[in-house]
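*Asks:* Residue numbers (this note's numbering), protein chains in the order written: chain A, 14 to 340; chain B, 16 to 376; chain C, 118 to 415.
Between beta-carbon pairs, the in silico distance windows are:
1) 116/B <-> 90/A: 17 to 27 Å
2) 357/C <-> 116/B: 32 to 42 Å
3) 136/A <-> 215/C: 18 to 28 Å
4) 111/B <-> 181/A: 35 to 45 Å
5) 136/A <-> 135/C: 33 to 43 Å
6) 324/A <-> 265/C: 37 to 47 Å
7) 359/C <-> 326/B: 18 to 28 Å
Not everything, but these chain B residues come out facing chain A in the computed CB check (under 8 Å):
8) 90
9) 193
10) 194
11) 195
12) 222
13) 227
14) 228
15) 234
Examples of chain A residues toward chain B, derived with CB under 10 Å:
16) 82
17) 155
18) 300
19) 303
20) 304
Worth flagging that the hints you see were computed from the coordinates, not collected in a lab. All of these numbers come straight from a predicted model, not from anything done at the bench. C-beta atoms are modelled at their ideal positions from N, C-alpha and C, and glycine is treated no differently.
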Amino acid sequence: MTAEPISPTSGALRHRGGWWSGDRAFRTTTLACGGLVLAVLAAIALFLVVQALPAFRADSTSFWTTRTWQPDATPAVFGIAAVAFGSLLSSAIALLLAFPVAVGVALFITEMAPRRVANLLGYLTDALAAVPSVVFGLWGLYWLVPRLTPLQQWLADHLGFIPLFSAPQGVPSPSRSIFAVSIVLAIMILPIIAAMSRETIRQVDPQIKEAALGLGATRWEVVRTAVLPVSRAGLFGAVILGLGRALGETIAVALVLGISFDVNAHLLVPGKNTIAANIATQFGEAGSTGRAALIASGLVLFAMTMVVSLLARWMLGREARRRGASR
Amino acid sequence: MALAGAVAVTACGSNNNTGNGGTVAATGSASGSCSAAQLTGGGSSFQAPMEQAWSASFLSNCPQVHVNYNSVGSGAGIQQFGQGTVDFAGSDVTMKPDEQRTADNRCGGAPAIHLPVTAGGVAVAYNLPDVKNLRLTAATVAGIFQGTITRWNDPVLAADNPGATLPNIPIVVFHRSDGSGTTAVFSAYLKAAAASSWKLGSDKTLNWPVGQGAKGNEGVSAGVNQTKGGITYTEQAFAEQHKLTTALIKNAGGSFVPLTSANVSRALETAQLSGTGNDLKATIDYKPAAADAYPISTVSYVIVCSHYPSSFGADKVAALKSYLDYAVGAGQQTAAQLGFAPLPPAMATKDRAAIAAVNAS
Amino acid sequence: MTGPVASGLRAAPGWRETRRRVTDRAFRAALLLAFLAAVAPLLLVLGYTVYRGASHLSAAFLTHSMAGVPPSSAGGGIYHAIVGTVEMVLLSSLISVPVGLLAALYLTEFGRGWLPRSIRFFVDVMTGIPSIVAGLFVYAFLVLGLHRGYSGFAGALALAVLQLPVVIRASEDMLNLVPDALHEASYALGIPQWRTVLSVVLPTSAAGLTTGVMLAVARVTGETAPLLLTSFDNTFINNNPFSGPQSALSVFIYNSAQQAYAPAVDRAWAAALTLIVLVIALYAGARILARRSALRQR
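Start from the sequences, fold in the hints, and give me the full structure.
*Replies:* Written out as structure tokens, the structure reads:
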């Protein structure tokens, strides 16, 4: 995904000794910072693994398939099946909802809006990121969920034949479901994805766009052929940041979701849980095994982010190689 | 530019809240020293409103003693006390053996002791607009929260409530999604009073077979507030704030008792203080027989060292003792208006003796 | 056969042309809809916050702490929380932005090899870190390990840990958008790498980098869990972030909103409104700074 970086020595340039030291200082400083970041992040990862180990020893059942969460009971019975499922489900839906809207907003601001208005509109979408997560949680709980419930009931009534939308015992009023939580999460990650996408799309070489326009392409075709393909890398970065936020969001989910430790695909009824919300709700009262178990679940969260990131990088790499592009 | 702004910001605030909601001096003066000290306490959110009220009114007695209490949860509070980062912990349940060992270590080998500082009741709150004064027994509560009783017009409920029109709607149970001392007390009551029907044990987190989890007393109360037919267990103050109707619970004497501060105090009169010496661990009697005793009542503790190591500082110990003495003495007068109950006088006396015995090297 | 070319310039458009136009119209409509879908939640959330909080804002509220005011009483203020948030976010950004930017520069300017790949890998993984983990880490090493106790600085460190992946990820992407041609031109003129970065790469990506910094700031101003473990909380004003517990707006909102007493909940919403306004002001300041530095380069 990253091309061979151009460096002044790659053409065997040679100059007087003066600027070598400047470059060496630059290289040393950036290397030091890079190394520091790696050291800190690796230390955190190590710290977490050490803290999580007692949990694996104490668990009397399978960590991967158990749904309940009772790490401080005797015997300790806990597993990540329910919380990991919920994390994946809620984040996937949130991304599915937020990504098209965010890219649409970014395109609207860069392609369609008049210049002066575009800046203002950019500020508007950025302002959404200024809202703290606890406010989203409270707003979701008190304002949004009661108003979403009629929609959820309609969906269950009319589209209930699709398992995702079925509600065997009806949709309660209000329904603090994964559907509602995903919408709140989508709103929270929207400004991140939109801001990054906007910057990426803005940097697309105007010559390519003009060439396409000159050939008689409509706006849609310009975007489809000239803008989006070259923006893949930046959009991918935006998605990763948005996904990270969605997976790691604790308090908003903890406040809005009607939590239970089930694994099912019914989006419209209260229930299920996420890893981050579980950590947020259980940490304060957990005993030592409980804390270790929560940290272990945090490690699973990392594994998820890692898998998605590696997968996406691989897909992007394949795409780039297929097109023969250098970037 | 940003730094200048930050400096400017730090110049214009005040800690002086007289006239801005700050309390005037509480009745009764603090005994003991008022030397300047910063005390940090953390733990139970159940007792947090009392701690914050005491911290506020104690300022009038000792303006130099700053007490910060943060409700991080009993488990975290005990952990942080054991690690020495907080000076005292608040907890709704007594420490487990390994926690006790860690706490004793922190105290340099001297035992860490429990001091009951406040009391309160757990309300069973429900949302049925046409039903006031719902009467519940321990067995029905156990049945509702385990999912064996699923509709409001169940015959068992109707039998206990002859005059009420119970609608034919499902019972929507709300329980705590987070670990909670309130859950621990509620389940301890059911384990004692409905032993044959209650299967979930007693702990801060339970493996609930039915119902939705909601975060905090706020979450469960709001849930019931929004849901017709909802029911939950919550602290008295939250039920009052969300204007939820609370049920009358049948105690061992056969009376259906409402939740009031007086009824909680009455129930705690039969609590036994176990624990050696000044460690005042209370064994709550969840089956009180007195006619006005509310059975789902509990105390909440502060955990301190009976003897602090010299590194802690003699001034801090003196300030802590003054603060706690105030809390279990004059500070009990604000309990009722905050939704708590004052400690039974006998318990408070033992408390003050234990506090007076706390010392430092 | 009719087609747009075969039928001449003034002929009626063929079905292909119509389809292209219709798709284009649909596309524009979709963009507009997306924009409205993005703005609506903002207005709703902001409106709700204003509705619940605006009436409880006052000068006294902004200039007093909660000292002496029990949670059940009206009165008191959030000055101590404002000080804490401002100091902690400033400190954490002062740490994470330079380090993150330099690390991102390392990745883009010297990007091959095992070290850059490992850094990218860890950064990607850490974008999903649950915030409490950052607090745990700083608690274990600073508060507990070095026996420094609770402090605003510990809180700032925890926030910096959360900001780092965002800064690096965003900056790397923005720096990668600078065309190679600019690099090449600069080197062809004999300008050393570090000067190129300073005078060509950074100014070109200034707008994007500012966005990345703003995202990082936004990431942490609302964080509660890591602060509970590091800066704890304080009802009194503490102007010194290096010693003693400090309050923060996020912690204040979180604690007050879940209280049983209406005055506490009212204060929480007023504090939430204050926090949002504060962050938007930070954004505006950052954008103005970026625009001014970009203009100066021209």
